[in-house]
Amino acid sequence: MNMWIVAAAVMAAILAFLLVKPLFEPALSVEADLKGDAPLRNLLDEKERTLRALKDLELDYAMGKIGSEELEPARRALALEAGKLLEEIKRNGGR
Amino acid sequence: MIEFGHFALALAWILAFGASITGVVLGSRAKAQLGQIEVVRRATMAVAACLGCALVALGYSFVTNDYTVQYVWQYSNRSMPWIYKVTAIWGGMDGSMLLWCFLVALFASFVARASVSYPRPLVPALLGFLNTSALFFTSITLFFTNPFRYLKTPVLMPDGNGLNPLLQNEYMAIHPPMLYLGFTGLFIPYAFCMAALASGHLSNDWVRLTRRWTLIGWTFLTAGIVLGGHWAYLELGWGGFWAWDPVENASFLPWLTATAFLHSVMVQERKGMLKLWNVFLVTLTYALTVFGTFLTRSGIVQSVHAFASTDIGWTFLLYLGLIFVVAVALVIRRRHELSPQRTIESLFSREAIFLLNNLVLLSICFAVLWGVMFPVFSEALTGQKQTVGIPFFNAVNVPLFLLLVFLMGVGPVIAWKRSSLRLMVRSFAVPFLGAFVVGVALVWAGVTEFYPVLAYSIAFFVLMTILGELQRGLGAQAAATGAATLAPSNAVALFRRQRMRYGAHLIHFGVLVMTVAITASMAHKVEREFTLSSGEKYSVGRFELELQEFHDEEQANYDAVQAHVALKSLKDGSLLEVMAPEMRFYRKNKENTTEVALRMGQREDVYLVLAGIDETGTRASFKIFINPLQVWLWYGAIIMVLGGFVMALPLPRQATAEERSRGRAEQPA
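Chains as they are written, first to last, in this note's numbering: chain P, 1 to 95; chain W, 1 to 669.
Hints should not be assumed to be uniformly reliable.
Straight-line alpha carbon distances no greater than 20 Å define the calculated EDC-like cross-link-like pairs of lysine to aspartate or glutamate that follow [what the hints assert, rightly or not]: (1) P:35 to W:337; (2) P:21 to W:38; (3) P:90 to P:48; (4) P:55 to W:248; (5) W:588 to W:552; (6) P:55 to W:345; (7) W:31 to P:48; (8) W:275 to P:46; (9) P:35 to W:38; (10) P:47 to W:469; (11) P:55 to W:469; (12) W:537 to W:577; (13) W:275 to P:48; (14) W:31 to P:46; (15) P:47 to W:269; (16) W:31 to P:69; (17) P:90 to P:46.
Simulated from the structure, these hints should not be mistaken for lab results.
Go ahead and model the full structure; you've got the sequences and the hints to work with.
What follows is the structure, given as structure tokens:
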């Protein structure tokens, strides 16, 4: 029985050491921003969605799900949207 | 050893408590020290390590026959083979809760480990919510179902009470852990979702990260449900694999909502729609896994799978309430950010089909839930417990499932946003025509029941659309690269480039195979009861059975009587197999069970049950089931699980919104 008590104590000590250690590491004493830039993040998400939609459009065309008469107007609309988004992202300090 | 296990469990509780509070508090701040986040991350992993130690301690007590421990005494016996001593760890309520805790903590620790590359604003709250879940289950185990308790009084059976004979089966080693992996895996999407809502980091990141974890949980749950069905098929002796039993249904409910989420999350990722709907689905999925645990452990419904009735049901109800309250509060707080960025433009778009698919899945979920809870509602309203059986579930769900399978064929063929009607007609003309021809051919061949004809026709339609998609994909890939369309390298390149898409097709193909197998085994099943003396014969279908002899057998923990029955071809009299169904008597438990003799075949299963032997010991009664295409149900399930794992494999890492907003791709810490 004593053996298990010793094992439990050793386990608790090792865990305590490993858990507390990061608090004393200089590299981890930096403060991190947890809020971020929400408007810019949303714009970047939108940019990603638009580029993805362009890719899906090309794929749907290649797979014969839409015809060339639907492809061109949709591509133009998405390209226009992507351009506007890129400008707005630049204005918000992103790339 | 038992003290060590108890200590590890208590330590896990302390760590989970500390980590959940710290995680949520840090998540609510604007800034936090990286070291503090690292402490919570490490504490999350330490919870899993402690619970792993507790599980090993309990397992050690089982394997070393420590019958001073109440739980070990109750579910084990010295004469049991060692494999069942190990599986007995989760054979009862206390051990199964400990395993559940461990798996929750294990998943949480994997997420914690991976979280070094997650968007930083999401991490503290995510770790907090992961640990809250671990804390709840650890609290139940530590305070209500603690397996680390000594027997209070000396007992009559010093060698242990023994495990329920139905649980002394190889499937006990794999089915419950697989099912629990599925259940516990599905709490991760909830933690991600709540963390995103709490931190306000509602970009696409959480959706992208969650999808893979949901796929992992979904795949394990699929495997667990099917393994349970296979176990029931082999062990329970009624010739079927799914009886719409309350506990079976409890595992199926979160599967349905998780499947709905896996489809609707694609719409959010691509179109910025269904954000609130996805929060609802994720919350409902997690709530249904907790509800399933409540159902199995509260004793409110009767089932062969349920644990003994306990008084911990209220804790699960309380937690269920908390899950919804937290979700509703956070949704109200973030309601403006959850508004859709676009609307569905056309009914002939993939997003519209996905929404329809979600509605069908939720309708099935509601119907099943209604059937499960009907005895409780009827007792509350009329004072009499009334149950609904297999006919109710089949009548409601068969048409809904067929609609779902049909949508499975339509969805992938339709384009995002809007499809050209002309091209849709061109894509669907051949599959529709093929399905019609199949339907007519079946009626001509004598299959006249409505649902089987419809099911086979829809299955053929979906098969044609999947093959059509594959052909078009290969063609597009070949046109882009200049390779030959049917070259293996072209197929491999296509699969690599669009692993998620073709993984999904693989899952759909598995569902298709299962649909055909379920239809065949339901519609064309043959069931007979008969009695034979030695040397007597009985014919059924294309088989003849002849009782040869009885054989007694004595094993460590049971006595058995086997009937040796020769299975012959009726056509030419050739011997196919000597089947040996048996009846067992477990000495310690004083219980009788039957063991099925099964001849699995690609065309049909022959399923023979020894129902009884008369007093003279010379005449036996049998039940036989001829189940057409039954084995294809299991093949279909294997294909589904394979597809799930293919999709769950890690994708190349993408920059998070945070990294992109900083304009460079660096590791966040």
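To see whether the hints hold, each was checked on the structure:
1. P:35 to W:337: holds, 15 Å
2. P:21 to W:38: Given pair residue 21 of chain P, residue 38 of chain W holds - Cα atoms ~9 Å apart, limit 20 Å.
3. P:90 to P:48: With Cα atoms ~15 Å apart, residue 90 of chain P and residue 48 of chain P stay inside 20 Å; holds.
4. P:55 to W:248: It is violated: about 42 Å lies between the C-alpha atoms, which goes past 20 Å.
5. W:588 to W:552: Since the Cα atoms of residue 588 of chain W and residue 552 of chain W sit roughly 18 Å apart, the hinted pair holds (cutoff 20 Å).
6. P:55 to W:345: holds, 19 Å
7. W:31 to P:48: With a Cα-Cα distance of about 27 Å, the restraint between residue 31 of chain W and residue 48 of chain P is violated, given a limit of 20 Å.
8. W:275 to P:46: holds, 14 Å
9. P:35 to W:38: holds, 18 Å
10. P:47 to W:469: The given pair, whose Cα atoms are some 28 Å apart, is violated under the 20 Å limit.
11. P:55 to W:469: holds, 17 Å
12. W:537 to W:577: Roughly 15 Å between the alpha carbons, so the hint for residue 537 of chain W and residue 577 of chain W holds.
13. W:275 to P:48: Holds, at roughly 17 Å.
14. W:31 to P:46: violated, 26 Å
15. P:47 to W:269: Holds. Residue 47 of chain P to residue 269 of chain W sits at ~12 Å (cutoff 20 Å).
16. W:31 to P:69: Judged against 20 Å, a Cα distance of about 52 Å means the pair is violated.
17. P:90 to P:46: holds, 14 Å
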